[in-house]
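Peer 1: So the chains spell out like this:
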Amino acid sequence: MVTCNNISLDQKDIAIETRDLNIYYGSKHAIKNLSMQIKKLDITAFIGPSGCGKSTYLRALNRMNDLIPITKTTGKILFDGININDKNVDLATIRQKIGMVWQKPNPFNKSIYENIVFALKYYGIRQKQILDEIVEDSLRKVALWDEVKDRLHKSALALSGGQQQRLCIARAIATKPEILLLDEPTSALDPISSGKIEELLFELKQDYTIIIVTHNMQQAGRISSYTAFFLLGDLIEYDETNVIFTNPVVDKTNDYIMGRFG
Amino acid sequence: MNVKVIDKIATVIFYTIAIIITLILFGLLCFILVKGLSGISWDFLTKPPENLRAGGGVGPQIFNSFFLLLLTMLFTIPLGIGGGIYLAEYSKPNTITYAARLVIEVLSSLPSIVVGLFGLLIFVQKLGMGFSLFSGALVLMIFNLPLMIRITEQSLRAVPVEQKEASLAMGISHWKTITSIMLPIALPGIITGTILTAGRAFGEAAALMFTAGMSSPPLDFTNWNPLAPNSPINPFRPASTLAVHIWKINSEGLIPDAAQIAASASAVLVICVLFFNILSRWIGKLIYKKFTAA
Amino acid sequence: MVSRHYFDLELESLHQDLVEMGSKVQESIDNAINALKNQDVELSRQVFKNDDIIDELEHKIERKCINLIARQQPLAKDLRSISTALKIITDMERIADHSADICELTIKMADQKYIKPLIDIPKMAEAAKKMVNNAIHAYVTQNVELAEKVCADDDIVDDYFVKVVDELRELIRENPDVVYQATNFILVAKYLERMGDHATNISEWVIYNVTGVHKDLNHDDLTKIKVNK
Amino acid sequence: MLSIIIITVITYFIASKGLSTFFKNGINLFDFLFGTQWKPEHDTTPLFGAFPFIFGSFSVTILAVLLSTPLSVGAAIFMAEISPKWGAKFLQPVIELLIGIPSVVYGFIGLSIIVPFIRNTFGGMGFSLASGMIVLAIMILPTITSVSYDALKSLPSGLKDASYALGATRWQTIYRVLIPTALPNILTGIVLGMARAFGEALAVQMVIGNVQRLPSSILDSVSTLTSILTLEMSNTIAGTTYNNALWSMALILLLMSFVFIMIIRILGKGSKLNER
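Residue numbers (this note's numbering), protein chains in the order written: chain A, 1 to 262; chain B, 263 to 556; chain C, 557 to 785; chain D, 786 to 1061.
Be a bit skeptical, because a hint or two may be false.
[Unchecked claim] Some, not all, of what chain D presents toward chain B, calculated at C-beta under 8 Å:
no., residue
1, LYS802
2, ILE867
3, GLN877
4, GLU881
5, GLY892
6, ILE898
7, PHE902
8, LEU926
9, PHE1043
10, PHE1045
Hints in this document: simulated from the structure, not taken from any laboratory.
Note that beta-carbon positions come from the ideal geometry of N, C-alpha and C, so glycine has one too.
Okay, chain A solo, but in the shape it has when bound (with noise of 0.2 Å):
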């Protein structure tokens, strides 16, 4: 198997690290001895054809593989100092620093106020002042404070699909992370909103490193500063999205950018 991963960074610009890691989904060898480094704040993005391995790589940097009782995670996760993947790490906390966002807006059933703070509550923020505070800061950052900060309290769920996405992406950012999942974050919306989020993206790389995952191989090439191409579990080139977008240099790759994958 030709494979490239041409990012080595600095230890102060990683975000998180993954060494030797290898996920099995039942009998299926899902992410095949996977080693590579994150740069913090900056947009990574994870491409391939369905079923490469890409998604569940990114579940598996904040644990929510052990949602599904047969997948099996071995190898290392470094964020922080610590190895996510210990059995004995608290979750809680991981997920609290490592937010995630998903293909289908899913605001929880409530206000909008509440979607936001019912994570903080729960860690046991209760003034109220300081709940209202994060929430439009939150709502600030994903440029929907003045959309909605007439109806805080109405049910999330009559937001638009672009307005939800963005409502989930100030949930996950209220809790303050250091890195955002996005798991194909605009397949579900139209253009006009998928430009939005996209937009937002570049904005919020400053202050939340960001990963990725795309079927969009366009937005890939649009937003991130390094792309990973996943091919049936193993990263099989790793570069700057200029050079994977230009200059590939596994077939495999260009055949992929190129789209003549068969």
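Add chains B, C and D to chain A, keeping to what the hints say.
Peer 2: Relative to the frame of chain A, chains B, C and D by itself:
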């Protein structure tokens, strides 16, 4: 024959079938209501039944039906929801879970008379509860538990997985996720299902004949001591429900106006069941609206 | 859907690179002419150095354009902007090359006394430089009128070229000893004339960028060329 | 967990009671299952031939299913394919209401309408196999209809479109494409209906006449396992052979419902295999 002609004929046949079924239901409803409503009066609804003479009422039976329903639901709802949560969220895909599912399926398709006979054997005879509301409620619980578990499980499973993941991904515990995020979403389904279950319990007779008994002691509605034998709220007294009463007067036929009383009692029963049905739709819609309203 | 914000930022930086390259090219022409007039070898060498920088700039802009095309899939106006940039950097680079070519001749003739004082060549250089300046300015301001004026000005440079060549022919006929310098000056004139052509090309692309229509305003009417007896 | 215990206890107790007929009271299993004489209270030679009841149960169930299936599958097709608008608006609530009506009410209606109708039209008592069949058919109709409807609804819509696109008429599409594909699930509905019919006690007991012998025509009165249990259980004394024989019948009912579940499981597996 031309395929198009066959197609036309088939269509006509399907329409006929649909009309027949609708007519059957309306026939049934009209028959019961027309025949029954004439016999319904305040007296009928409150007076105790007569054994040999005409003019008896079904007051105690109506009370018994509702009281039994209350008792049953008291057992069924917590156990059913608990079981549903366990199966939907905590069970691992292993042999025990598989067996539990199979058993629930079997249990839900047991003939009610078999469940009733079991109740007779265990609660009435072995555990010495005698013919009592309590035995009846336990039997109805066995009868309804599988349905309740299944409804809860299905409602929880119908909660979009994204909702659950969103909550867990923020580090919120599984139990908190279930109670704060998933149950509210599953609630309309659970409530609708519960009311339908209640309707089923309300009309059940075969399982109760041998457990709650086929007769009621004279009740004194002023006696609220739950231990007195003639107190209406004593759960350990025998009690015939509306459905059992209908069966009894029809098969024994000792009273001269049996047919009229049966018709009226049936009407009351059907009205109650219809009421449950409409209530469940209404509540379902209401909750749905409340959750999705802007 | 293009993430405009990011794309606009990239386009802006591309723009700045082009302006930088333009000013370097103008500097090259200026220096080449001054070096020729003053027989300044040092300045000539500086032009060579400048040419290397310009080549590098060209590559940098080229990469930026290719990355933008690969990653942003620009369409319509965006696509025209980027393809225009790709085309005009080639012309600019050629202009800088011609400046370097002139300097090469300057160095070759550095220790010779010129056969005559330079009169028309500096004027022609001035006109060509003006064209290049205007073309770059037209790109920066997206000014179609200015671009059209550049194309019209090409005739002035062409007229100078005919005039200078005729004059140099006359000199050779009078005194064949001057043939070495005279042919060199003819080459200088040709380079300047080519600069004008490249400036015209740039202007044509500017017009294309704004209007979407590519008009060929460069070539002289070839049917009018007559046999010279 | 609780339900496992419940089912085990149910099976254990009913089995122990039911089997004691054969072990304690020394009744031959074969005689019980296939004996046609039921004279439990005969002084000298009591006979415990349960065959008339077993036969009654099976015959009334099968007849009811035969009567009900065309109607209910037809109704399901009507709702799913012919007129979804009317189906959803009208027929579906009707079906749901029919499910909700208690079985004693069905029995009472059978008693007041169907029995007199049969008596007046065909003669005889009116309490007959035919009455039981009609009452049960109406009772299981909503069960079969709703399961079949779900089965038809859950078919991928591409299937139907493909058939229409090939120029098939609606009937051809239904008959050749939709029904065969949904068949395992429709069969599941039918088996569920059968299970319900087989276990139904009161409604049947009220209209079927309860004569303890083999019928010669469908206008004859019969008894079923459930009807005899309903009537006799409270009249017998626990521990007697008579009483134990009744428990044996309850055991048969229990085992039959296991059988129905097995069939449904097998059908379910079949339909999953088809999907692959």
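Peer 1: Now look at each hint and say whether the structure bears it out.
Peer 2: Status of each hint after checking the structure:
1. With its C-beta approaching chain B no nearer than about 7 Å, LYS802(D) sits inside the 8 Å limit, and its interface hint holds.
2. Interface hint at ILE867(D): satisfied, since its Cβ lies 5 Å from the closest Cβ of chain B, which is below the 8 Å cut-off.
3. The restraint placing GLN877(D) at the interface with chain B is violated, with a minimum CB-CB distance near 11 Å, outside the 8 Å limit.
4. Checking GLU881(D) against chain B by beta carbon gives a least distance of about 7 Å; that is within 8 Å, so the hint holds.
5. Annotation: GLY892(D) was flagged as interfacial toward chain B, and the flag holds, the nearest CB pair being 7 Å apart, inside 8 Å.
6. Here the hint on ILE898(D) is kept, as its CB sits about 7 Å from the closest CB of chain B, short of 8 Å.
7. For the restraint placing PHE902(D) at the interface with chain B, the shortest Cβ-Cβ distance is roughly 12 Å, beyond the 8 Å limit, so the hint is violated.
8. With a least beta-carbon distance of about 7 Å to chain B, the hint placing LEU926(D) at the interface is held under the 8 Å criterion.
9. With its C-beta approaching chain B no nearer than about 6 Å, PHE1043(D) sits inside the 8 Å limit, and its interface hint holds.
10. Using the Cβ-Cβ criterion of 8 Å, the hint placing PHE1045(D) at the interface with chain B is satisfied: the shortest such distance is roughly 6 Å.
Violated hints, in rising order: 3 and 7; the structure is consistent with all others.
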